[in-house]
Structures are given as C-alpha cells and as structure tokens.
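Taken in order, these protein sequences are the chains called A and B.
Going from the first sequence to my numbering is simple: count from 1 and add 35.
Going from the second sequence to my numbering is simple: count from 1 and add 182.
One thing to keep in mind: the hints can contain errors.
Calculated lysine-lysine pairs in the DSS-like style (CA-CA distance at most 25 Å, straight line) [as the list claims (entries may be wrong)]:
| no. | chain 1 | residue 1 | chain 2 | residue 2 |
| --- | --- | --- | --- | --- |
| 1 | A | Lys517 | B | Lys190 |
| 2 | A | Lys649 | A | Lys521 |
| 3 | A | Lys344 | A | Lys313 |
| 4 | B | Lys223 | B | Lys190 |
| 5 | B | Lys477 | A | Lys558 |
| 6 | A | Lys509 | A | Lys521 |
| 7 | B | Lys560 | A | Lys509 |
| 8 | B | Lys275 | B | Lys190 |
| 9 | A | Lys159 | A | Lys143 |
| 10 | A | Lys37 | A | Lys368 |
| 11 | B | Lys466 | A | Lys267 |
| 12 | A | Lys558 | B | Lys223 |
| 13 | B | Lys275 | A | Lys521 |
| 14 | A | Lys181 | A | Lys166 |
| 15 | B | Lys336 | B | Lys456 |
| 16 | A | Lys267 | B | Lys477 |
| 17 | A | Lys38 | A | Lys509 |
| 18 | B | Lys456 | B | Lys332 |
| 19 | A | Lys368 | A | Lys509 |
| 20 | B | Lys560 | A | Lys521 |
| 21 | A | Lys521 | B | Lys276 |
| 22 | A | Lys265 | B | Lys466 |
| 23 | A | Lys265 | B | Lys477 |
Honestly, the hints are just simulated from the structure, not real lab data.
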Amino acid sequence: MKKWIPWLVVILLAGWLASTLQQPAETGFQTREFGKLPVLLNGRIQPFDSVARNSLLQLRTRQSLDDMTADQWLVEVMMKPDDADKRPIFRIDNLELLNLLGLPDKQKYFSLNDIRPHLDDIEKQADRIDKIESASRSAFERQLMKLYNGTALYQRLKITLCPPDSHNMAVELAEYQKLIPDGIAAVRAKEANKKYDENTLNEFLGYLSEFDNMTRFAYPLVVPPLQNAKSKDDWQTIGANLMALSRGGDLSVPVQSYITMVTAYQNNDPETFNQTVKDYRQWVGQWYGAETNKGIKEAFYNYFQAFYKAIILYILAFLLAAGALLTFAISPKLSEIFRRTALYIIILTALLHTFAIGFRMVLEGRPPVTNLYSSAIFIGWGCVVLGIMLERVFAVGLGSAVASFAGFVTLVIAQNLAIDGDTMEMMRAVLDTNFWLATHVVVVTLGYASTFMAGFLAITYILLGLFTPLLRQKVGALELGKVLTKMVYAIVCFATLFSFVGTVLGGIWADQSWGRFWGWDPKENGALLIVIWNAIILHARWGGLVRDRGIMLLAVFGDIVTSFSWFGVNMLGIGLHSYGFMDAAFNWLMMFIGTQVTIIILGLLPLTLWMSFKPKSQPAPVIPPGTVPVK
Amino acid sequence: MFFDRLIKFFASLRLTVVCLALGMVLIFAGTLAQVPMGLYKAQNEFFRSFVVFWQPEHFAWKIPVLPGGYLLGGLLLINLIAAHAERFSFSRKKAGIWMIHSGLILLLLGQLLTDMLAQESQLHLRVGDARNYSESDREFELAITDVTDKDADKVVAIPEHLLLRQQDINNSQLPFTLKVDKFYLNSAVTNQPAAGYEASGATAGFGTTGVWLKSLPRETVMELRDLPSGIVEVVSPAGSTGKFMISAYFGEAQPFTVAGRKYTMMLRMERFYKPYSLRLQEFKHDVYKGTDVPKNFSSRLVLDRPATGEHREVLIYMNNPLRYDGETYYQASFDPDDGGTVLQVVHNPSWVTPYLACLLVGAGLIVQFLSHLIPFLKRKQSL
Chain A
36 MKKWIPWLVV
46 ILLAGWLAST
56 LQQPAETGFQ
66 TREFGKLPVL
76 LNGRIQPFDS
86 VARNSLLQLR
96 TRQSLDDMTA
106 DQWLVEVMMK
116 PDDADKRPIF
126 RIDNLELLNL
136 LGLPDKQKYF
146 SLNDIRPHLD
156 DIEKQADRID
166 KIESASRSAF
176 ERQLMKLYNG
186 TALYQRLKIT
196 LCPPDSHNMA
206 VELAEYQKLI
216 PDGIAAVRAK
226 EANKKYDENT
236 LNEFLGYLSE
246 FDNMTRFAYP
256 LVVPPLQNAK
266 SKDDWQTIGA
276 NLMALSRGGD
286 LSVPVQSYIT
296 MVTAYQNNDP
306 ETFNQTVKDY
316 RQWVGQWYGA
326 ETNKGIKEAF
336 YNYFQAFYKA
346 IILYILAFLL
356 AAGALLTFAI
366 SPKLSEIFRR
376 TALYIIILTA
386 LLHTFAIGFR
396 MVLEGRPPVT
406 NLYSSAIFIG
416 WGCVVLGIML
426 ERVFAVGLGS
436 AVASFAGFVT
446 LVIAQNLAID
456 GDTMEMMRAV
466 LDTNFWLATH
476 VVVVTLGYAS
486 TFMAGFLAIT
496 YILLGLFTPL
506 LRQKVGALEL
516 GKVLTKMVYA
526 IVCFATLFSF
536 VGTVLGGIWA
546 DQSWGRFWGW
556 DPKENGALLI
566 VIWNAIILHA
576 RWGGLVRDRG
586 IMLLAVFGDI
596 VTSFSWFGVN
606 MLGIGLHSYG
616 FMDAAFNWLM
626 MFIGTQVTII
636 ILGLLPLTLW
646 MSFKPKSQPA
656 PVIPPGTVPV
666 K
Chain B
183 MFFDRLIKFF
193 ASLRLTVVCL
203 ALGMVLIFAG
213 TLAQVPMGLY
223 KAQNEFFRSF
233 VVFWQPEHFA
243 WKIPVLPGGY
253 LLGGLLLINL
263 IAAHAERFSF
273 SRKKAGIWMI
283 HSGLILLLLG
293 QLLTDMLAQE
303 SQLHLRVGDA
313 RNYSESDREF
323 ELAITDVTDK
333 DADKVVAIPE
343 HLLLRQQDIN
353 NSQLPFTLKV
363 DKFYLNSAVT
373 NQPAAGYEAS
383 GATAGFGTTG
393 VWLKSLPRET
403 VMELRDLPSG
413 IVEVVSPAGS
423 TGKFMISAYF
433 GEAQPFTVAG
443 RKYTMMLRME
453 RFYKPYSLRL
463 QEFKHDVYKG
473 TDVPKNFSSR
483 LVLDRPATGE
493 HREVLIYMNN
503 PLRYDGETYY
513 QASFDPDDGG
523 TVLQVVHNPS
533 WVTPYLACLL
543 VGAGLIVQFL
553 SHLIPFLKRK
563 QSL
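Chain B with its partners taken away, still in its complex shape:
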C-alpha cells in the first residue's frame, strides 16, 4: 500500500513538472551567480551539488535554498524510470516517447559519467618545446624526486588533497615520512612582515628567512588560479631533516638529503604523463586584414611515440582537435607574443553518449510529433 503510493509519487507527472520548474530556477540562479562567483565555483555550488546553500554575510549558518543539480537530475531520472515502469506500455503508439525518454536517460547518465570520469588538463608549449605530459589547470601536487642516480629520476607525486588533510604521509618509495604542518589551498607570500601574515617557520630550504605567508580564500575569478603554500617536515628514522616551506610561488625545486640519497621537492601543477610526446613546430595566429579580429589559431606539432615508432606531424586548429589514444587535444589559448600555444587536453571516456542521446531524442521527437500531426492534417483535409 505504502509502496504503491511511493511508486505513484515517483512516477507522477506532477513530480516531473515540479522538478523541471525547480531545474529552471536552479539554472537561472546558477547563471546569474556566475557574475559574482565565476563559472567554476557557480558550477560546483549549483550544478555539481545535491543542495544549494546560501550563507548571508556575517552569518554562521548556511541555509539550504534550492535542490542542486545532482538531486534534481537524480529525481528526474527516477521519475522517468518509474513512469515507464508504472504507466507506459510498450506499443507502437508510444515508440516516440520511449525513444525520447531513453535518450534523455542516456544523456543524464552520460553527463554523470563525464562528471565523474572526465579529466581536463593543459599542455603549454613554446615553439620548439616537446613534452610528454600535460598539466592540471587547477590542482597542484608535491613532487619528490630522487635525483641520486644521474640517469633516472624517481618521482613520487603527492596530490594536493592529501596535503590538505595535514596528516603524516608515508610512501613505500620514500625512506622518510612527510609531516604536513600547514597547507593552504590559496595563499599569499611576502618578503617582509605584514598584517595578517605569519612567519613561515621553515627550518630548511628556501623559506627559512625573510618569508611570511597567509591563507587566502579560494579564487573565484575565472582567469585567476589558486596558489597554494604549506610547511612540511621530512622525518626519517634518523630524525628530522627540517621543516620545508613548499609554495606555488617558488619557481624551482628545493634540494635535500636523507640517509645519503639526494632528493628535490617542488609544489607544481599536477602532471599527467603520456607514452608519447608532442613538439610544437609552429603556432599561427591569423587575423583578418586590416583588423585585429582573429581568423584562426593553429598549432603544427610533431607526435612522437618511441614504443611504436610512430612519428608524424599533426595540425590542431579551431574546431579541429586531435583525437589520439583516448585523449583529445584542442586549440585553447596562446602566449601573448604568439610564440607558444596552450592546448586543452580532455580525457573523457563517455564523450560519445551525448551524440547517441541526441540522435535518439531528436528522432523520438520527430516520430512523436509526426504521429500526431499527420492524422490531424488528414482529418483536417477530409473535413
């Protein structure tokens, strides 16, 4: 009895309409919110969330004001499936509806998968440079490199979110423990004492003297990035090597030694290594004659894959990405002096779902409306 009513509730058209209406409010609010908080943050708070909170200024509590994108998407998904289980029979007359709705289910699930599996990074190359890794656009990692052997570096990369826990970090590759004293996801660093800044407290490495830092709120402006800093202590069975300051503000790796082996540490953009490399041959920024309106951006690259001996030239330009080895490289940006290119690297295993979903829904809509329109027009003519 209760179960029946529950199914009825979840299968009801009323729920559909309410969810869609709330969806509109959410999208509208989420669009307007992009002006003050930036696209990235608005996306996370409104669309990649279960509940949207509102925190008035000088107010300790967060008030839930709207269901978030995940909640509404999930409800609509349940609603759709329940409605089909409950109400729709599988008949020719309903074929259009089935196609539309299964396309929508595919679309929603595909987007959820994209949300969970897709990984975006960037590849910045100056003309002549070659790289076999792309870098995250936002996330940092602490790279600890064993440089004792001249021929082969061994790298252990510790992602930002592990540092943020501020716990001890052990790794079988490292003969020491890293104690994370402090870690700020966004920070400011200065070379003289200033209000709000604390002395770094580092006892070794770059940040021992004359460095002050403070925590900053996360960056919301689309074009700006967080710059993290922190203090880690290297502790081996023989004792502490010292407290090191790590910071995105440091441009190079700092060396240290533990038990006779030489290491370096550096807080850098998270890297994604590939079994191939890309070298930038040429970057072109064409404009329309007599204007500075861009006509095209293109990057001519050489792809090199030692394992297979693959060696070829590729050309990436606007609306023409390179799809290779499960990743897609897009022309995203360029250096102000036109001497380098920035490629967006997207790894998205479910990229094909929206294509299928679109076909399914589009065809379903046409079938459905034609199946109403044709008989209607026939009746009209016979009048």
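For reference, chain A alone in the conformation it holds in the complex:
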C-alpha cells in the first residue's frame, strides 16, 4: 500500500492552512490596520473589523462586497458616506417588498440611493408592523422590518466618525472652533434678550445639532475613557467630545486622531491615513493594552475564518470516507488509502476546529458554548471527536464518514445562525456565570452531540443496508452491520451519561439561581426527553424488545428528539430559556424532521427488500404437476 499518499495530502492541506495565516500586504489605504482598532459595541470591546463584518452580515448576509473587503467598506461608510450610499448592500428577496419600493425584481442587492425615495414608506410600514408580535408577522413584514432596521444601522454607522455632510473634516472642525466664541456670545445675548447675529447663532446651533446627533446615534463607541475616568467601560462618542469643545473642553487624542484619519481619507491621502492609524494604535496601546490586543486578535480571528475552512475540509474528508466505504468490497487497498486520507484530514480539521474554539474562548473569556451559534460549533466538535474515537476502534471509515458529515452540517448551521450579527454578544445577567456555562452547558451539549452521532450512524446503517450489500461484509471478525450496532450502542451509552448529568447539572443551576431544581420549563423538558429517549433505547435492548434494526430506528428518532430540544423549544417562545422566535429556522427544523421520518419509514421496509439482507437467490421451487401450490 502506498502509505505516503495520505501523509502527502494532509501535509499539503496543512501547508495551505499555514499559508493563509499570513495576511498579504496592503497598498494604498491600510484599511485592515484600521480594522484592528478597538471600539465598544454591544457592551464589549471589539475591533472595527468585527463591526464591519457583522454589519454587513446583517445587511447583506455576506461578510464582504463583491469588490471590497468589510474594512474598506466600513471606512468608506464612516468617512465618505456619499460614495458608500451608492454601494449595493441591502439585500431584499421578498417580491412584495421589491414591488412596494418599485425596485427591479431581478436584482438582489440595493444601495441606499436606490431605497432613499421610499424611506418614508418604509418607516410608515415599520411603525405599523412594530406593533405586531414577531411570531405572527408575514414574510413581507419580516423582510420590511429587517430592511428598516438595516437602514437605521447603516445611518448610525455613517455618523460615527463625522457629520453626515462632511467633505473635509479638519477644515470644518477649524471653522467650528473659530465660531465658538461668537456662537456662545450669540446664545447668551439671545437668552438675555439682547441683540445678536442671527446667522452666527444658526450656524453655531447647526454644528451643535449635528454633533448631538453623532452623540446619540453613533453605532460603536470609539473614544476610550480618559485615564481619570470612573470606569474602563465608559467609552464615548466623537460627537460628545466635539460638543464639549464649546464648553471649553479640549480635543482628546483619540478624537484628534480619528479626525485626521477622516480628513486624510477624504483628501485621498493614504500616507497620512496609514501613519495616523499606526500612531493612534500605539497611543491607545499604551493605555489600553489589553483592549488593543484583543482588537488585533479578533481581527485576525475574523480574517482567518477557521470555521469556513473547516467546512471545506470536512466536505473533502466526507467524500473520501464515503469513497472508502463504497470501494471497500471492490478494492480493499484503494479503500484503505481513501480511509486513511479521510481520517488524517479529519484529524487535521479537528485540530483547526479545536484551535478556533479555543481562540473564541480566549477572546470571549468564556467556556465554549454561550449561545445557539457556539452550541452548533461545539456539537460539531463533539461529533467529530467521537467519530475519530470510533474510527480508532473500528477502522472501517464509518466513524470518519459520520464525523466529517456532522462537522460539515453543524458548521453550516452555525454560519447561518451568524447572520443575525455579533456571535460573541454579552451574556444576560442570569447566564453570566462561567462555572455553570462550563459544566451544565458543555455537558448537555455533548449529550446532544452524542445523541446526534448515534442517529447519524443509524442512518448510515439503514442506507447502507437498503442500497448496498455492505452490511454483510466481513470486517475482521464481525460483519459491518454488527460493527455499526456496537458503535450505536456505545454512543447511546455515552449519550445517556452526558445528557443525564448535563440535565441534572442544569437542575442544580436552576436551584442555585431560581430556587427550584425542576420547573418543567420547555428547555428542561427538552433535555429530559433526550435522557428518557436514550434510556428507552438501552432498556429496550436489554429487555430484548428490539434487535439491531430496532435500535437503529430508535436512534434515528433520537435525532428528532434532539433537534426538538436544541431548536424546537426555542420556537415555542415561552419559558425562561427562550430567546426569541426564529422563524426561518422553523422551516429547516421541519425539513430535518421530515428527512428523519422518511429514513425511519425506509428502515421499516421488510428486510427482504434490503440489499444487504436479501435472501441469496435460489432456484425457483419446482411444483410437482397436479399439486396445488400452498398459499
């Protein structure tokens, strides 16, 4: 056997991963460097890069535009908003909404300029829809609200660094500063009913009202608190500092730096822009070392897109593992090359997966699972680790196939959950406890992962059994079918352990924070359903109520139970654990359940129809002439 092939493949892939660690140099405006600067948004320190990507995800469901990166886009939005207004960044799919706005239905993405004539309409509709509960909104209403919120978000981004009609901010600022003494005198004179210059007053108040808008609506807070500030969380807006100038305040270093950056960008002066970004980062690093570092790290994490790469690698590994299974009977040698290559790729990808989870944990300062997004990632990780362990015990490619499939599917689910924006949001008060997040949440999520794993293995059993003769194929001393049964049984045992311990730990957390161990809350019930279902599988087997096929069918139903507990209960919109109605996910859940039911029905077909268990063809019985065939 050519042992070096799997190694070669995996070394090449590792080389590719390593090569993407290094970011290519930027020419012109170094927006990626700008993207690393720390700001405060959603209650947490993050780099501009995260603001840019998460905003684009919400507006456009993509992390970039066709011809520009998120950072380039954000810089343009915040510094040359007029140009940014021409970029197609609002995604609209709903035909009714497109018709209402008079937009062409062949296009998907629209710019603010396309939408601008209809902003009033949108706002009127949004006022009406806002009163409807989100669960009972129609597709049109949901899309309109999304667009309305999107335009609001976009407008807020636009006034984060400079006033809306700015074209040379440094010059405008100087004019404002020059006007301050006369402006204040005019205000005082007006208050005292004395004579004042109307023009000066209006111009002065015009500035103030623009800065006031910047103060109130700026999206991220970009000015770190000064050294003598009460709290390190007390970040401010640029607008607030500009308003304070009129009361005799000074221009702070961060505001001065941002104004220089904005002006340089407006004057198409990359050199000054790049130098100011660099200087400011150094300055802010002196006072806010941890925050600056976090910004750099998170920007790297965003850039590296480890989970996206893991998806590609899992697909590759799955194809190879499937190839290994299918060529098993024809060419064991080829099959073994496929199998090894698949396994090595999965191990490499699992390392990448682990690294990315670890990186997230460091960035957040939290255990791995903090929300639905991270639970998907962690369930995938759990399945992959279990699959690798299975592959070590039963080296037939099954563990690899299921591991890579589960890894791929859960990461795709996670990518779709990320469209709502920031996936590292802060934890609400009751969840703000690393101890319980690290114990209850992790263990119960491993329970989900192992129950899914058992279900996926069972699906393999049913599909292989129905459509291939492989279940009867000998693997060492056992038939493949028996190997699968042993795997599913072992995993169900694991699942029982994790889901039980996880559920009870959840009860204990509830006892610690709400004063009752068990409250029949939907999420609790969901977890309990998984425990009971696994217990049923085990007891049914011990009692001889089911055999190999029965266990498989029960295990597939376990997928339905787990998906209900993981996603379904969140859609009931009640209870302490529900975090909002997720309407799109509901359809996907129903589709998933549909596929599982189909597989169960397939699995119920009589064994004579299964290719693996078809009776060996025998010569047709000869009926002696004159006798009546027995019915």
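Fit chain B to the known structure of chain A by using the hints.
Just chain B now, kept in the frame of chain A:
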C-alpha cells in the same frame, strides 16, 4: 401464582419501556400545552396529576387521555423497586446499575417531597423598606385583625381554600362566626351595572353601594394573577353585623365592630412571618455599556434578628442567593423604576436530594459504562 405474575408484570422491562415512552409523550404534550395554558396550569394538569384529561369545547365530559406525572412516576418507582427485588442480585458487576437506580429512586422521591413540602413566596421591598414576612405569589388569605389594643394587633388569617368551601368559619380567637356567602377565586369588579355582573349585596363596609362583581375563570397567563372577591357575613350571638364584600381589588382594610371590640378585615396575599426582618439598602440593575442588556441585578439588605441580636448586611445577586434559617432568598425581579426589588423566598426541606441523586446516578453511569468499555477495548487490542 397470581401474585408471582403480578410481581413479574411490575418488575418487567416492558413496563419500564412503556412507562418511559408514555413519559415522553406526557412531557412533550405538557411542553406544547404551556403555550395556550401557561406554565403553571400545564404543570398542574400534566405533571402534578394522576390522569390528564381532555375536555373538548362544548362538551360536558372530560376524557382521560394520558397517565399523569404522579401515576407514571409512581409506576416507574414500583417498577424499579420490583425489578431489583425480583431480578437483580447484589454483585460487583451490578454495582453501577444499583447506584444508578437508587439515585433515580432518590431523585423521584426527592421531587415528590419537594412537591409536597416546598413553599414559595415573594418578598417585595422598596429601597428603605423592612419586612418580617414574605407573601404568597398566588394564594390569598382573609386577615381579621383585632385592633382594639393600640399596642398589639391580634391577627387571624383565614386561607383562601377555607373561604372557597363557603361554610361557616369559627375560630376560638374570634367572638363571632364568619358566614361565607360567596367566594370567587378570580373575579372582576366594576362601579356600574354591566352584563354578567351581579350587585354585591353587601350591607356593610366598602362594597355596599355602587359595586358589581362577577366570577372569572382562573388566570392562565404566566404573568397575571387571580384576583378573588367574595361576600362574608359577620354573625355574633348578638346578631349580624352585616354582609361585607371582601376583594383583592380593595387596597385597604375595612373596619367593623363586634361586642365593643374593633376589628379590621382585608383580603390580602397570604403572608409567611419570620423571626427576623430584611431591610433593602440598595438595589442595583447594571447593564452593559451602550446597550440595555442586563449585566447583573443585586440587592443589598440588612438582616435583623432581635431575638439573637444578629444584625448584618447581606448581598443577593444573580446566581448567588442567601440561604438562611431553612429558607433561600433569590434575586427574582425588580420594580420598573429600579427603586425596589422582588426576592423569591423558597422553603424546601428536601433541596439537597437532587444533589445526592445526581452524584449517585452520574457515578453509577460511569462505573457501569467503564465496566463494559474497558474489557471491550482490551479484547479489541488483543485481537
């Protein structure tokens, strides 16, 4: 013979599987039912019951559709005990199973005890207030207070369920009988005649003129509460003092006099008095900067126990309750203006059982699976 078969039935794995499967159906249905009927009612009908009934609309009968939580829990308990008596020998090989199952028995019994013994109430304090009692979240009581002595009030509290019987109530502390004319667990009250409402019929106290009331079905929405009303007559040997309307809608106590002694009566949330008091010093509602996502809720209180001279400050915040004197105080809610706190007060003597049960079952599961896994892996390696 019959007895043997009975034991066999109760000890069978088939019964285990059937009960567990029905348990799943029950939990699933009970979870979905929370959407229309609310957590509290669904809990009572599905889980704290022997049989779950279904009553189709415009239908007089209730149809039993599912065994309830008590029945299934009880059956599983019998099943477990019978199975161990019948089938399992006490051996090292079975040690894991014994641990798991005895943990489960402890868990089930513990929950039953909690169900029967646990008492939940609430303590609502504005900043600066002190109280030495907590109040029930749902149950009312009719408090009759003898206020003749200026220095010491004597209170007789009559719980809601006694009023609901609509019978005469006598108490050795009271020199009169209370005749309960009407009592509605949930009611609406209005000050003008309206369809469905009846005149109160009270002849004394607050509700004599201009008050109409009607009975309402029990409240099912989680956040809403029943508001009871009723009519009671105070009858002493000297004759009737009058019919009084009592109602949760009245904000204060109504005075009356019997045989020269002054009393007040008031329908109020049931109270649980303690030998100590808690005063709210400060309530804090922290949010993450630039958002309205709550970061923490905390209440700083002073605990005062005159009998022992105990006087200290306590801090209650999310995930950090105060356990004191057999009761546990949790940060549960707060006033919209952030000027007051609501603490959940739980008295649950069996709170420790799930902790022990969890340890037992978890350890049992690990022992059991390792005792299968290790020999299996060893065999695998020797192949």
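Each hint, compared with the structure:
no.	hint	in the structure
1	A:Lys517 - B:Lys190	violated (32 Å)
2	A:Lys649 - A:Lys521	holds (22 Å)
3	A:Lys344 - A:Lys313	violated (30 Å)
4	B:Lys223 - B:Lys190	violated (37 Å)
5	B:Lys477 - A:Lys558	holds (22 Å)
6	A:Lys509 - A:Lys521	holds (14 Å)
7	B:Lys560 - A:Lys509	holds (21 Å)
8	B:Lys275 - B:Lys190	holds (23 Å)
9	A:Lys159 - A:Lys143	holds (23 Å)
10	A:Lys37 - A:Lys368	holds (9 Å)
11	B:Lys466 - A:Lys267	holds (19 Å)
12	A:Lys558 - B:Lys223	holds (18 Å)
13	B:Lys275 - A:Lys521	holds (20 Å)
14	A:Lys181 - A:Lys166	holds (15 Å)
15	B:Lys336 - B:Lys456	holds (16 Å)
16	A:Lys267 - B:Lys477	holds (15 Å)
17	A:Lys38 - A:Lys509	holds (23 Å)
18	B:Lys456 - B:Lys332	holds (22 Å)
19	A:Lys368 - A:Lys509	holds (15 Å)
20	B:Lys560 - A:Lys521	holds (15 Å)
21	A:Lys521 - B:Lys276	holds (21 Å)
22	A:Lys265 - B:Lys466	holds (17 Å)
23	A:Lys265 - B:Lys477	holds (18 Å)
In this structure, the hints that do not hold are numbers 1, 3, 4, in rising order.
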